[in-house]
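Colleague: What follows is the residue order along each chain.
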Amino acid sequence: MSGFSQDLQAVSRRLDLPQPRKSRILCELKYDLEDAYEHNIAAGMHEREAAESARRAFALSDEVIRELMRIHRTPLRKLLDRLPGGVQTGMERAVLLLMSLALVLLSARAVIIADFHRNSSVFLLPVAAIGFYILARGAEKLFQIHVMRRHNVQALRQGLFMLPLMAAVNCILGIGGYFLELYHSGGAFMSPMFDMIVIRQPGDPGAAMQMRHITGYLSRSSGLMTTVLLVTLLALLLWYVIERSIQKIEYAETSVYL
Amino acid sequence: MQRAILTVPTLTRYCNELLILSIIGTGKKHGYDLARELEEQSDGFFGFNHGTLYPILHKLEKDGLIRGSWKQEGPRRKRKYYSLTAEGKKYRASLLQQWEGFFTHFRAIIGETAP
Numbered sequence: 000m001s002g003f004s005q006d007l008q009a010v011s012r013r014l015d016l017p018q019p020r021k022s023r024i025l026c027e028l029k030y031d032l033e034d035a036y037e038h039n040i041a042a043g044m045h046e047r048e049a050a051e052s053a054r055r056a057f058a059l060s061d062e063v064i065r066e067l068m069r070i071h072r073t074p075l076r077k078l079l080d081r082l083p084g085g086v087q088t089g090m091e092r093a094v095l096l097l098m099s100l101a102l103v104l105l106s107a108r109a110v111i112i113a114d115f116h117r118n119s120s121v122f123l124l125p126v127a128a129i130g131f132y133i134l135a136r137g138a139e140k141l142f143q144i145h146v147m148r149r150h151n152v153q154a155l156r157q158g159l160f161m162l163p164l165m166a167a168v169n170c171i172l173g174i175g176g177y178f179l180e181l182y183h184s185g186g187a188f189m190s191p192m193f194d195m196i197v198i199r200q201p202g203d204p205g206a207a208m209q210m211r212h213i214t215g216y217l218s219r220s221s222g223l224m225t226t227v228l229l230v231t232l233l234a235l236l237l238w239y240v241i242e243r244s245i246q247k248i249e250y251a252e253t254s255v256y257l
Numbered sequence: 000m001q002r003a004i005l006t007v008p009t010l011t012r013y014c015n016e017l018l019i020l021s022i023i024g025t026g027k028k029h030g031y032d033l034a035r036e037l038e039e040q041s042d043g044f045f046g047f048n049h050g051t052l053y054p055i056l057h058k059l060e061k062d063g064l065i066r067g068s069w070k071q072e073g074p075r076r077k078r079k080y081y082s083l084t085a086e087g088k089k090y091r092a093s094l095l096q097q098w099e100g101f102f103t104h105f106r107a108i109i110g111e112t113a114p
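For the protein sequence lines, the chains are A and X, in the order given.
Positions 0 to 257 (numbering that gives the first Met the number 0) are the ones given, in order, by the first sequence.
Positions 0 to 114 (numbering that gives the first Met the number 0) are the ones given, in order, by the second sequence.
FYI, nobody ran anything at the bench for these hints, they're computed from the structure.
Each hint should be verified, as a subset may be incorrect.
Unchecked claim - So these bits of chain A aren't anywhere near chain X, every CB distance computed over 12 Å: (1) V10; (2) A56; (3) L96.
Stated by the list, open to error - Taking lysine-lysine and the DSBU-like style, the derived pairs with C-alpha atoms no more than 30 Å apart in a straight line are: (4) X:K27 with A:K247; (5) A:K247 with X:K58; (6) X:K88 with X:K70; (7) A:K247 with X:K88; (8) A:K247 with X:K61.
Each residue gets a CB set at the ideal place from its N, CA and C atoms; glycine is no exception.
Build out the structure end to end from the sequences listed, making use of the hints.
Modeller: Next comes the structure, spelled out in structure tokens:
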């Protein structure tokens with residue numbers, strides 16, 4: 000740990016900036032402090048005196064902190080900062096809600112207009128609901144990281160495990176639904192699986208009905224499995240991207256204090 | 000290019016900017032180097048809290064007048080060095096010209112009223 004770790008942590012708490020900007024400023028300050036300390040030691044000061052003198056020389060007043068935040072804030076953050084505190088939270092929520100709503104509506108439209116969902120499986124609705132949940136959750140985290148630039152690692156990690164968990168639930172639901180549909184399609188005729196397995200000859204009175212059942216099953220199951228795969232991929236991709244972003248933030252923060 | 004307009008309320012700001020740009024103009028410097036050189040070259044006249052340098056440096060960097068680049072020094076140490084950009088050189092020349100104008104007018108008044 001650097002001899003100035005506590006000082007840097009104190010500055011970090013006051014400096015409300017997104018990563019990696021905050022860590023870059025802290026890194027710059029850290030090595031300037033260490034240089035000043037070494038220079039003071041070379042000038043004949045005792046260790047304690049040298050550290051205190053360096054701290055005094057590089058003390059960041061509230062005014063300096065405010066100025067640094069003003070320089071490094073994103074345009075959106077600057078705009079929000081001009082609003083009163085209560086309005087800020089309300090506005091942030093409204094923006095988040097609008098973004099999520101737009102995502103949900105766009106995704107819903109894409110699902111509804113797709114041909115293979117016309118004759119859909121009963122399992123498609125819960126799978127789609129999971130997909131929307133994953134989208135909303137992922138969008139919320141990405142919004143926090145990239146738009147609001149609020150880099151509280153603990154808050155960002157909160158609930159992130161839901162993405163892979165929901166991907167797993169989605170897979171189980173999809174595979175379960177696939178076999179249940181198969182059972183249902185087979186059982187709808189005579190005994191389970193029987194009618195789909197027995198190959199009927201052309202001209203046989205049941206052949207057309209059997210073909211309709213098989214086609215219906217294939218259509219439903221392919222629609223279901225395609226959606227399951229897309230939702231699972233989306234969940235894992237979002238989880239990976241968010242996790243990597245959080246890791247970068249963590250790395251940037253810890254590198255300053257080492 | 001940015002144009003500085005030297006007025007009484009902006010004197011401190013443009014004084015700091017010109018001092019910093021002039022020191023950086025002599026070669027790449029990091030924050031502590033810069034603070035020391037300012038003090039040494041002015042025999043301690045321009046001695047200020049080193050922490051106040053950061054907002055000035057970061058603002059100049061954001062405006063494209065200086066360029067900050069990280070350099071690895073040893074296995075675990077990296078420093079941010081600042082160098083003057085072409086835009087910064089022009090800006091420095093413009094500031095210098097305005098300061099000269101300021102001193103001409105200042106001396107004209109001081110010189111006439113001085114005992």
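Colleague: Could you run down the list of hints and mark each one as holding or not?
Modeller: These are the hints, each one checked on the structure:
With a closest Cβ-Cβ approach of about 9 Å to chain X, V10 (chain A) is found to fall inside the 12 Å limit, against its non-interface label. For A56 (chain A), the non-interface assignment is contradicted: its Cβ lies about 5 Å from the closest Cβ of chain X, within the 12 Å cut-off. Against the 12 Å criterion, L96 (chain A) stays outside the reach of chain X, whose nearest CB is about 33 Å from its own CB. For a cut-off of 30 Å, the pair hint linking K27 (chain X) to K247 (chain A) stands: about 29 Å separates their Cα positions.
Only pairs whose Cα atoms come within 30 Å are accepted, and K247 (chain A) paired with K58 (chain X) is accepted, the gap being roughly 25 Å. For the proposed pair K88 (chain X) and K70 (chain X), the alpha carbon gap of about 23 Å is at most 30 Å, so the pair holds. Simply put, K247 (chain A) and K88 (chain X) have alpha-carbon atoms about 36 Å apart, too far for the 30 Å limit, and the pair is violated. Taking the CA atoms of K247 (chain A) and K61 (chain X), the gap is about 23 Å. The hint holds against a cut of 30 Å.
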